[in-house]
Amino acid sequence: MVKKIIVSILIFSFALFSMAQSSESGGMPQLNPEFWISQIFWLILTFGILFISLSKFILPKISKNLEARKSEILENIETAEKQREESENKIKEYEKIIVNSKSEAKSYYNEIRQKTLADISKKQKIIEGEIEKEIKEAEKEINDLKNKAPEKINKIAIETSADLVKLLIGTEVNASSISAIVENISKKNKEKYYGF
Amino acid sequence: MAANPMHQFNVYRIGPEIKLGEIDISFTNSSLFMVICSLAILLIFNLGAKKNSLIPNKMQLLAELSYSFVSKMISDTAGSKAKPYFSFIFSLFMFVLFCNMFGMIPYSFTVTSHIIVTFVLAGFIFVGVTIIGFIKHGFGYLKLFVPSGVPVILLPLIVIIEIISYLSRPISLSVRLFANMMAGHTMMKVFGGFVVSLGIIGGWLPLSFSVALTGLEILVAFLQAYVFAILTCIYLNDALNLHH
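For the protein sequence lines, the chains are Y and F, in the order given. At position 187 of the first sequence (counting the first as 1) the number is 187 in our numbering, and the numbers step up by one without a gap. At position 134 of the second sequence (counting the first as 1) the number is 134 in our numbering, and the numbers step up by one without a gap.
Hint data in this document are derived by calculation from the structure and do not stem from the laboratory. Every residue gets a Cβ at the ideal spot worked out from N, C-alpha and C, and that includes glycine. Among the hints, a few may not be true.
Unchecked claim - In silico lysine-lysine, DSSO-like type, Cα no more than 30 Å apart, as pairs:
hint : chain 1 : residue 1 : chain 2 : residue 2
1    : F       : 143       : F       : 83
2    : F       : 81        : Y       : 61
3    : Y       : 133       : Y       : 122
4    : Y       : 56        : F       : 50
5    : Y       : 190       : Y       : 136
6    : Y       : 64        : F       : 72
7    : F       : 58        : Y       : 64
Unchecked claim - Covered stretches of chain F, as calculated for chain Y (at least 3 residues, CB under 8 Å):
hint : stretch
8    : 29-37
9    : 43-51
10   : 62-68
11   : 80-91
Can you make the complete structure from the sequences, with help from the hints?
This is the structure we're talking about:
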């Protein structure tokens, strides 16, 4: 609308001007046919050359460039997609490996634990057996010592009594009578002396 | 007194008179600017097409953006069947755009402000599109003039209107571009003349107008090239995909 108004104003003003100066210049130069043929000839020549060189040499190059860029971008996207997939697969593999190694570690741990426990119990048993044996031996020794103790003590008592008697009286006393007395006393006081 | 605003559209001979038989094909200022525009387009796009880096430099970006802009314009309006005509429409758009833009340089010449140039371009498009239509659809192309779903009584009238509108296509296409360019440049010249004639006291208003007009004219230069190209695409669409 605005353009229409502008154009009409223009045409009006330009008609005025051309009327005012028609005596001077002779109207619109566009309607002077003197150089029409020349303009047509040069238009066809220049536009023809332009068209041929654009369509034969320049536009195919531009189109090729655009195509090349497009295909390169597509290729890059494809590669990126592929690599992404690959990396996802890698991550999955990695996770799988981790899970596997975890379970492996667990099973190793369990196995070794079992083994060590078995080992420990075995060694414990051996050690317990040894300890028991030693205890028995020690008990036996103790019993032996215990059983032998009254005899030894009796013997010492007899000897001591014989020596004491000899010192007191000054004469030798029959050893068998002393031993009989000592034996008698020790039998009588066994409870009191040894506790059994 | 300001110079005649129509003076800028004068065509004059540069160099000697060249004659082909009886026909005068002398090199003129119009021809000079056609050559300059074509060379500029070739230079820019050649630079843009030369290197093929993944990340484009400025020239390459310019060329590729223009390429995809025109390519999108064609595929949006004329569909995928119009692909073989891409380079023609691209050249056309670029030629018109560069001629319009070079015309914005002071003391230059606007090739597209001459009716004969735009009319030859539009006429070529019209003839080409008509030939393409008849090649693609044979006489079925005439169905273009018979829109579907119109009452039979109205049909003769509609067909006549359609034929007239079809035949006036090259005229409307060429006059649109020519008139826009000529009007814009004339107006700028007129306001420029006002600046001079009103002097330092009153000349500021037309000067600011002139500055604003320059921006508008650059927009119009682009827009008219775009319109020219897109109308070509629409006509091509009619010829390629006949469904009226």
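* To do: Could you tell me which of the hints above the structure violates, numbers in ascending order?
  => none
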